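Number of protein chains: 2
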Amino acid sequence: MSVVYAKGFSTAGVRGGISSVEGKKDVAVVVNNGPIFVAAGVFTTNRFAAAPVKYSRQIIADGGARAMVINSGGANACTGVAGFEQVKATAQFAGEKLGIQPDKILVASTGLIGELLPLDAVFAGVESAAKQLNNDEVSGKNAAEAIMTTDTKPKMVTLNVPSGYRVGGMVKGSGMIAPQLATMISVITTDAVVDQETAQEALQKATAKSFDCIDVDGCMSTNDTVVLLASGASGVEARKDEFEELIAKACSQLARQIIGDGEGSSHDIRIKVSGAQSYEGALACARAVASSNLLKCAIYGNDPNWGRVVSSLGTVPESVAQFDPDNVVVDINGVRVCEGGKPGQSRSLVSMTEREVFIDINLCTDSHEEAVVWTDDLTLDYVHINADYES
Amino acid sequence: MSVVYAKGFSTAGVRGGISSVEGKKDVAVVVNNGPIFVAAGVFTTNRFAAAPVKYSRQIIADGGARAMVINSGGANACTGVAGFEQVKATAQFAGEKLGIQPDKILVASTGLIGELLPLDAVFAGVESAAKQLNNDEVSGKNAAEAIMTTDTKPKMVTLNVPSGYRVGGMVKGSGMIAPQLATMISVITTDAVVDQETAQEALQKATAKSFDCIDVDGCMSTNDTVVLLASGASGVEARKDEFEELIAKACSQLARQIIGDGEGSSHDIRIKVSGAQSYEGALACARAVASSNLLKCAIYGNDPNWGRVVSSLGTVPESVAQFDPDNVVVDINGVRVCEGGKPGQSRSLVSMTEREVFIDINLCTDSHEEAVVWTDDLTLDYVHINADYES
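Chains A and B are the protein sequences, given in the same order. For what it's worth, our numbering labels the leading residue of the first sequence as 198, then goes sequentially. For what it's worth, our numbering labels the leading residue of the second sequence as 198, then goes sequentially.
So here's chain A without its partners, still in its complex pose (with noise of 0.2 angstroms):
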């Protein structure tokens, strides 16, 4: 259901030409059909952010927003005056397609940077969509797969509590990810009634520990753009906790999904690091492991190589996370093979078999905070496809 499952949105996902795979479908459209139009938004800090990026920020900063229009096949980045050109005739055609004043529209576009959009293709998406927006469970699934890049799947969440209203969502991204900055293009929708102010402090919170907390690749992307919605269709007013709670499940279970489906990936790798002096310290160690090339090889090769892990540890600065390497405990798949800083239970006891892999590094320290991150391992295949992607 995705994007529809919370009521007071219609979507379609169509093929509008772009992407250059055969039948593949490159434009999606959500609309929300009210009573209330509430937008946040999430966007990437790159400073080479895309001509839609920039554009989007300003609507959402300018307040509401009553529909989004995605494209897949092409970034608009790096595209100059003419790439945000494309932008604006967009959010006019939709506009014109929709019945909704082009400013209350949103863009997102993913693909190759470097090359101008063809906005014929990019045109006749929209015009398609707009025909055929449904809350159907099939146009759900067209929205989530109209979004796709090197993803294989689509990904989606659909999430209730009893007081009655509902969240939905769904997401790309399997390369080009790395944390410090939102991800790459969700949408999550709500029929909660929610303020625009708690709407944004409820995506925020939610980023900073899903998408901000994953890494394929340490690659950070010009395009990220995470979106919540809210229609306030089921008439209930959110109490603030539940759903921060809500949006930040929304949103783990989104970027856990993108792990799950990391370019070329065979393992999941959840970091968790703990006992740390704070939590920043934590997510310095969880991330610097979490971006260890050789660490991801040896995991791909099914070796619980934990000299990988400390030797990556060990290039975190004192003054962002104390503790002493001769105390440090580093797990994997439950077996203690690094006890005090040195070998502990043979890493021949580690099964290897399962695609999740968990690595619990305890720092020791007398403080007790605690991070966690998740990547992938790198394989032949995540090789292959980036060195075929467009070449």
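Hints are all accurate, no fakes.
As the list makes no split between identical chains, a pair holds if one copy fits it or if it spans any two.
Below are the DMTMM-like pairs computed for lysine to aspartate or glutamate, each with C-alpha atoms no more than 20 angstroms apart in a straight line:
no.	residue 1	residue 2
1	K251	D521
2	K251	D523
3	K446	E398
4	K328	D317
5	K204	D333
If you're looking for bench data, these hints aren't it; they were derived computationally from the structure. Fair warning: this is a prediction, and the values are worked out from it, not measured in the lab.
Based on the hints, put chain B in the right spot on chain A.
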């Protein structure tokens, strides 16, 4: 000739039986025969620094060294007190065999992290090397081969100046190579007459712009060690500036050889960032680009994907490198593929047939600081090598 090109040194490289690879030489000994015994060193900043790093750092600080023992086949890192005892025992044993005080002997190790060394094999190697010490070409090459791990060829340098002294050297390193540290293991020798302060300063300046500016895979080692030994055997007192230049050249040539032999690499990539406000800013930009897995895969696929260049550049905070994304220019192998942050000439004009790839980024600020970082492409063989290494 490597380390014995400079007068006053003898060396040997032999098999002690540490490495599991049949017939692989795994112990090198370098002896400074004087008349002076100056030693300078730069070591990894990794907090899990290996036992031999901690030990040798102290020997250098205490002043002077007359010999160095290096083994491949095991890093003796994360091995606790027992590992440190192995280093002391090795120095003690080598001292007896070489007739040198043990506290004048440096020790370095490279190989798998988290396992103690087979000390019998280390001793066997030291004993055999002590008997074969020589200053001929074969011995120099044997030593350079004995320190190799995943390296596919020995890496050596020989330099001289008209004023009459020489510099020789060797290095090993292929993976787990990342900047902001010393590097892998390198021994540079000179027969110039220099004091410890001059030697240390020359080495630090040289490593900052050579070993610190290469990055194979973003992974910092626990065992990086660069040592400069001076014998004074030429009788020539080195002029400070000339000496610094020579050491810088030796380090640059050795660093360049590491990139030329980066694990599984098919392209050596020079990233030059110019037009920056500061050297530090230029360096941060070059490092960001050099660490992009996506770019490195694209280069492997012979794709001059400048989108992946600028998206990496865009991750550098403005506080670190001020520049306007809309002014940035990118040339790949002499073709201006990005101009003013937008597409320039067609990527199809870029020839990618040569091993070397030159990525020139001009930030086009009103200043002209620049920095260079070398890296390798990310290939199927890199993943193969690191998925299989000791698994």
